[in-house]
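Use these hints to put chain E onto chain W, whose structure you have.
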Amino acid sequence: MPEHAPAPATGKSAAREDRGPEPVHVLLVEDDEVIRRSVGLVLERYGYRVSTAPDGLSGLEAFREGGHDLLILDVMLPHLDGIGLCRRIRETSQAPILMMSARGDSLDVVAGLEAGADDYVVKPVDTTVLVARIRTLLRRADFTADPAAPAAQDNVRAFRDLTVDTLALEVRRDGEPVALTPTELRLLLQFVAAPGVALSRQQLLREVWDYGWEGDSRVVDLSVQRLRKKIGADHIDTVRGHGYRFRR
Amino acid sequence: MGNGPGNDAASPRAARIALRLADPRSLRWKVVAAVTLATLTMALGMGVLVHRTTETRSLGIARSNALRELGLEETRFHADRRGGETSGEPPAYYVGNELPDPLLARIAAGTGTGTGPVTWYDDRNPMRIRMWAGQMADGQPLGVSVDMTIDDLSRKALDRHMRYAALATLAVVVPTTLLAAELVLRRLRRVAGTARRIRHGELDARTGGRAGKDEIGEISAAVDHMADALQERLHNEQRFTADVAHELRTPLTGLVTAASLLPESEATDLVQGRVQVLRHLIDDLLEVSRLDTGTEQLEAYPVPLGELVTDSVRRAGVDARVDVTGEPVVRTDPRRLDRIVTNLVVNAHRHGGAPVRVTVQGTRVVVRDNGPGFPAEILEHGPQRFRTGSAERGHGHGLGLTIATGQARVIGARLELANAPDGGAIATLILPEETAAEPTDEG
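Sequences listed follow chains W and E, in order.
Using our numbering, you'd call the opening residue of the first sequence number 1 and step up by one each time.
Using our numbering, you'd call the opening residue of the second sequence number 1 and step up by one each time.
Isolated chain W (complex conformation) (with noise of 0.2 Å):
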């Protein structure tokens, strides 16, 4: 049982702490009604703003209309599944994405976190437990950088043909912008803060995630895989049984 799992909030003013004025939308596509109805329930209840689709095309179709911050999509769905509509949400979008999986296989965790969703849960899921997953995304889709640094000189680093703007939240390749994932934004940090420093898979994991001894290092070995395609396989190097390097 995770101890920051949120209280339900009075109202309807939790979703505006995490981001102002304008309640977090949140887009469910889940198949079983009873778990859509009631999710969606649970989320309103919280703050949340919730549109819901039944099957992996209209949630394609409401995806299109647009406006959402967070998408958490079942793995099993008619027409198009939960990780064929991952894929075609990541083609335009990097909003956070939570994989919500009936069994907690290997399969389908692995093949949606490589369509690119952030994160999973597995059915059944403690509504604390979702909640506090989705907070954990949207954190990090909002994070950012550390308003007490100053606005030094070397907020741009430069590694090779990789430039990130610790404070713009900018990469660029060979001066071509990057768009990463917040995870993937998330992940490059930690690892730009610390070059050529080993960094464990746990620390990893309790640093972009949030997760204890619990959580899968698969999402970490995953997340690294997809953001190596994006800024070039040789800036993160592979620490044998214990982690990541980013190389100078």
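Think of the hints as simulated: they come from the structure by calculation, not from any bench.
Backbone N, C-alpha and C fix where the C-beta goes; we use that ideal spot for every residue, glycine too.
The reader is advised that the hints may include incorrect statements.
Stated by the list, open to error - Quick list of the computed label-pair ranges, beta carbon to beta carbon:
id, chain 1, residue 1, chain 2, residue 2, range
1, W, 192, E, 380, 49 to 59 Å
2, E, 22, W, 114, 53 to 63 Å
3, W, 194, E, 432, 30 to 40 Å
4, W, 192, E, 376, 51 to 61 Å
5, W, 114, E, 11, 41 to 51 Å
6, E, 432, W, 114, 25 to 35 Å
7, W, 158, E, 274, 57 to 67 Å
8, E, 271, W, 193, 43 to 53 Å
9, W, 44, E, 319, 32 to 42 Å
10, E, 271, W, 142, 32 to 42 Å
11, W, 66, E, 228, 54 to 64 Å
12, W, 228, E, 226, 46 to 56 Å
13, W, 228, E, 212, 47 to 57 Å
Chain E only, in chain W's frame:
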């Protein structure tokens, strides 16, 4: 693990093989004994037969030679009697008392019945073996002898050669039999080994089929078919458990979420409590069925053991004291280790008595409570799903320990359950010693 895998691994293997060879109860020696006996019997029979035949034949020849000689000598004897003209050679016949007594007795007996010349085989002196022939001539016993010493020696040589031949045959037959028996026994041993592996849970083990159409092939095929049937049945049951748990998930998810929407009340607490129990039960069932199918993959890396255990106990939300000695680091899968520790602590808390104490030392994690201890059934047969042992151990579905044991197996650890002499259950998790070399896995 030895440091010289070539030698160290080979010598116990060689010793084992030698021990197996030397085992007098082995079928191998019985087969060899039977074959040796058969060979010897045959050699003996042939030897006796050949010996007899040769003897009879050479005695027959000697007899007729002696009789012919007697005829010649008789003429000469008569000539000697009549005129004293000597032919230069000394006479080759013996007369009267010069003859050996047995021959005289035979001549005397033969004369009575009128059967003419008699013969006698004289082997009194092994250096001078003779065939005698004798008859009455002119009222005197007259006899000649043919030397048979050479003949006897050659027969003895023949006997000797036959013995050598028998030994040579044995020298060929015994090793050949051993080899042939070994081929058969190896196939039998493979069948036995397969059955043993199946017993130890290796359900994929098969004898390897290409055994031929003989009886051993038959038993191999029978064992294989039995294993197939067993595996099929087990898989069906595992699949059923997994399917049931899986099918229950979707309605349960709705139930969990919907129950969390209920307004606060005593009834809500009851419903939510039961829903939680149901949830954990189905989670555990799925975990057990995943462990059963053996498809679990290990994701191991160095983990600070003390930190992990302290964290797991804290997150399990039960009251337990944790003592860590030193700063042990183990190479393991932290999620699985977390599951084991959580299950052990929750189990100790639920079934045992407070205080629950957790000790971490080296690669050992010990969870101890002050309750009535593990029931004898669990100590004897290991944890069984849906069996909590005695009633006083309270409620619980008994999957916790099953999962802990299963997960321990996946991470290569050993879970030992025991009762303290002064009461209370002790669960000891012994993690494998971390190999000194840098870990080699990746991916």
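Verification of the supplied hints:
1. 192(W) <-> 380(E): 49 to 59 Å: Given a distance of about 58 Å, which is inside 49 to 59 Å, the answer is holds.
2. 22(E) <-> 114(W): 53 to 63 Å: holds, 59 Å
3. 194(W) <-> 432(E): 30 to 40 Å: holds, 31 Å
4. 192(W) <-> 376(E): 51 to 61 Å: holds, 59 Å
5. 114(W) <-> 11(E): 41 to 51 Å: Hint holds: Cβ distance 49 Å, inside 41 to 51 Å.
6. 432(E) <-> 114(W): 25 to 35 Å: holds, 31 Å
7. 158(W) <-> 274(E): 57 to 67 Å: This hint holds: roughly 59 Å between Cβ atoms.
8. 271(E) <-> 193(W): 43 to 53 Å: holds, 47 Å
9. 44(W) <-> 319(E): 32 to 42 Å: Once the Cβ atoms are compared, 37 Å apart, the range 32 to 42 Å for residue 319(E) and residue 44(W) holds.
10. 271(E) <-> 142(W): 32 to 42 Å: This hint holds: roughly 36 Å between Cβ atoms.
11. 66(W) <-> 228(E): 54 to 64 Å: Hint holds: Cβ distance 57 Å, inside 54 to 64 Å.
12. 228(W) <-> 226(E): 46 to 56 Å: holds, 50 Å
13. 228(W) <-> 212(E): 47 to 57 Å: This hint holds: roughly 55 Å between Cβ atoms.
Of the numbered hints listed earlier, not one is contradicted by the structure.
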